[in-house]
Amino acid sequence: MARLLCLLLLGGQLAVVAPAAEEPQPVALYESGLATLDIGRRQVPLGYSVSVFGPVFTLRSIVVQLGGELKLGPLYQSHELILGDTQFLFGPGSSAVTVGTEIYPLTQAPIPAEDGLKVPLDLLETIYGEKMGYEFQWDPAGRTLKVRRQPQRQVPVTIDLVHLQGITTVVLQFPYQPRYRIHRAANLIEVELIGDRLNPEMVKALPTDPLVRDVKLGQQEIRLVLAKDVEAEDYILQDPFRLVFDVYRKTPATSAPTLDPTPPTRSSGVRTIVIDPGHGGSDTGAIGLSGTQEKDLTLTLARALRARLMERMPVRVVLTRNEDAELPLETRTALANQQKADLFISLHLNSVQSPTANGAETYFSSLEASDEYAAQAAETENLVAAAGDDGDALYDLQLILWDLAQSQYLAQSQQFAKLVQDELNDALGLNNRGVKQAPFRVLIGASMPAVLVECGFLSNPEEEQALLDPAYRSQLINALVRAVMRYRAAVMGPRALADEALP
Amino acid sequence: MNRRTAGLFLAVVLLLALGIVALWWSQRDRPAASGQVPASDTPELEAAEVVADLYFPGKGGRLFVEQRALHMAAALEERLTSLLETFLMGPEGDNLYPAFPPEVSLGGLTVTDEGIAFVDLTITGQNTHLPWGSKQEMLAVYGLVDTVLLNLPEIQGVILLRNGEQRATFGGHLDTTRLLLANEELVAERVP
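Heads up: the sequence lines are chains A and E, in that order.
Going by my numbering, 68 is the number at position 68 of the first sequence; the sequence numbering is gapless.
Going by my numbering, 96 is the number at position 96 of the second sequence; the sequence numbering is gapless.
Just so you know, these hints were derived from the structure itself, not from any lab.
Ideal Cβ placement from N, Cα and C applies to all residues, glycine included.
Mixed in with the good hints there might be a few duds.
Unchecked claim - Only pairs whose alpha carbons sit at most 30 Å apart, straight line, appear in this in silico DSS-like list of lysine-lysine:
#1 Lys216(A) - Lys146(A)
#2 Lys228(A) - Lys216(A)
#3 Lys250(A) - Lys146(A)
#4 Lys59(E) - Lys418(A)
#5 Lys340(A) - Lys436(A)
#6 Lys436(A) - Lys59(E)
Stated by the list, open to error - Not close to chain E: a few residues of chain A, all C-beta gaps over 12 Å, as computed:
#7 Thr36
#8 Thr86
#9 Ile182
#10 Val244
#11 Pro439
#12 Arg441
#13 Ser447
#14 Asn478
What the hints assert, rightly or not - Label-pair ranges, simulated between beta-carbon atoms:
#15 Gly164(E) - Ala205(A): 27 to 35 Å
#16 Gln43(A) - Glu154(E): 53 to 61 Å
#17 Gln408(A) - Val50(E): 39 to 47 Å
#18 Lys250(A) - Glu77(E): 54 to 62 Å
#19 Asp53(E) - Lys146(A): 56 to 64 Å
Taking the hints into account, I'd like the entire structure generated from these sequences.
Structure, rendered in structure tokens:
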């Protein structure tokens, strides 16, 4: 039910974006009148009403006291509240508020009234709680809405910095989502915590980096001092909460041969390929009987594949990692999305307990499980409560959006997976284990055709030895290159390929 | 009405009142509506020996059924516990393999009213990464899920937790942030 609820909420949001022509259905109000807005030393009158979903309050009175610019939004009956550099969009008929590009569900839609729009408590908490550190407490007996500053927390933060393929990724990891604002200036990004303080004990020394000159930590802010002529994009990863900055040069350095000298743009063909060497760091992946570690062999294969692809066709090839480093699965996919890749290839080596299993298999994403999840969840309305996670509704919304990312490329992913499997079988005479579907985490969020190739079984002693042989690996790489060539020809057509070959 | 007649009338009224109170007292614990069966009429569920199908990895990267006689308790969670503890101990047959390594044990479980089983597996040891290929992970996860769902029809799906938390994956490949359902495609048709 949680996921279906999210879909409904999403529908509600769409109603804000493209509102229906008719008036929203009026909501029955059981009580209306004047309450008191108690802001510490000040008490001012505040219009309120109570619907079946709970109390709503006159927003304009609160904005006058707490700040912000309230005006009519660009859409029918929508309202816009601007607080600093953040814009909140909401309106009657929609149980959701849009904050920038994020959507947050509300317990009830705002209600139009003679004295202006009345809004529920969770909208006030979203606007003034998350962004300004206020908390609200409604006393129905005393008809008083108390507003107080939230108690200051010591927020632990872990800062990581990694430079890969001309991009420096800075990850600020928190145990929970803090309230923060991002300020940008020339060569400087500041992440300011609102109302909370940073716990500096958790910060380790960072490596020297060509794009991020320094990371400074204050009591309430983290400053990234950037090199000249660089750009930075920020995005969020969840579980745990991470604020990520990808920093890259506006015009890439000529010394970076793996990067195309043009900024990433989604092309109509196959011009950018992201190769993901599976595992890394303390995550060894499978280990062969003679000690071969999957993480090492996938990196060797990925580097060779990148070199061979760039020899054979005009493509930009980016590796998710080019060293023995641990990289979360979501970051690998996010990198491919950020690079606007046209193809994502995750390279792995297989293992099982039985030493006789052999052959290659190619996977593309399976979304049936999540579809069935939605159906199951519809029958199990209390699943969220049973899981004991209050954030599940929003989490499910993200999961749906995450699923949607790959779902639109399933047919192309399957097409490419079949080409890969055919080429591997032909070139290596491997046991054809076939093209399969599985809900592999690294594939799910990819916004492009994406496959995971299991190149052989390290648990099979013969295949392990074959994979350690450079000549065998070369055949394997050639098979993958041919699969990419055939896929490009299918997607772009022979004429486009011929044009591409012209000087 | 003389005094004697009035006293007699009062005694009759008191007796009637006492009778009504006694009747109400005797009826108050009975079900108010039809269709409810008193608890004492419910047949006692007893523990019984049943044959369960356990799904273990075998040759060629497939799951194979090993039938085991288990003394199953009456309550669903106890049956699930018994089933999973036996599954985690591994197969008795020579040609099959344990799905999970010995450092993985059952940390806890709960079943919601809707039939969703939350199964928490505890991993002890320094390295939190299991040295698994994707196939090994699929056989382990779906071996467990198939063992649960194909033996206990009351359970609709499994949420797999690791050391008390729901993780993105259990072993680095399969997405375990969603409800896991039975996967019979991995099951071989015959015993190895």
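Hints, verified against the model:
1. With a C-alpha separation of about 37 Å, the suggested pairing of lysine 216(A) with lysine 146(A) is violated against the 30 Å cut-off.
2. Among the hinted pairs, lysine 228(A) with lysine 216(A) is consistent with the structure: their alpha-carbon atoms are about 17 Å apart, no more than 30 Å.
3. Proposed proximity of lysine 250(A) and lysine 146(A) is contradicted: the alpha carbons are some 49 Å apart, above 30 Å.
4. Distance check on the hinted pair: lysine 59(E) and lysine 418(A) sit about 25 Å apart at the alpha-carbon level, within 30 Å; holds.
5. At most 30 Å may separate the alpha-carbon atoms for a hinted pair to count; lysine 340(A) and lysine 436(A) meet this at roughly 25 Å.
6. Note on lysine 436(A) and lysine 59(E): the hinted pairing holds, with a Cα-Cα distance of about 19 Å set against a maximum of 30 Å.
7. With a cut of 12 Å on Cβ distances, threonine 36(A) stays outside the contact zone with chain E, its closest approach being about 43 Å.
8. Non-interface call for threonine 86(A) relative to chain E: holds, since the shortest CB-CB distance, roughly 29 Å, exceeds 12 Å.
9. Even its closest Cβ contact with chain E, about 26 Å, leaves isoleucine 182(A) beyond 12 Å, as expected for a residue assigned away from the interface.
10. The claim that valine 244(A) is not at the interface with chain E holds, since no C-beta of that chain comes within 12 Å of its own (minimum 16 Å).
11. Its closest Cβ contact with chain E, about 4 Å, brings proline 439(A) to no more than 12 Å, contrary to its assignment away from the interface.
12. The claim that arginine 441(A) is not at the interface with chain E is violated, since a C-beta of that chain comes within 12 Å of its own (minimum 4 Å).
13. With a minimum CB-CB distance of about 17 Å to chain E, serine 447(A) clears the 12 Å threshold, and the non-interface call stands.
14. Even its closest Cβ contact with chain E, about 23 Å, leaves asparagine 478(A) beyond 12 Å, as expected for a residue assigned away from the interface.
15. Between glycine 164(E) and alanine 205(A) the CB atoms are about 32 Å apart, so this pair conforms to the stated range of 27 to 35 Å.
16. Here the CB-CB span from glutamine 43(A) to glutamate 154(E) is close to 56 Å, well matched to the stated 53 to 61 Å.
17. Range check, glutamine 408(A) to valine 50(E): about 46 Å between beta-carbon atoms, so the 39 to 47 Å window is met.
18. At roughly 60 Å, the beta carbons of lysine 250(A) and glutamate 77(E) sit within the given window of 54 to 62 Å.
19. Evaluation of the 56 to 64 Å hint for aspartate 53(E) and lysine 146(A) yields a pass: the beta carbon distance comes to about 60 Å.
When held up to the earlier numbered hints, the structure conflicts with 1, 3, 11 and 12 and fits the remainder.
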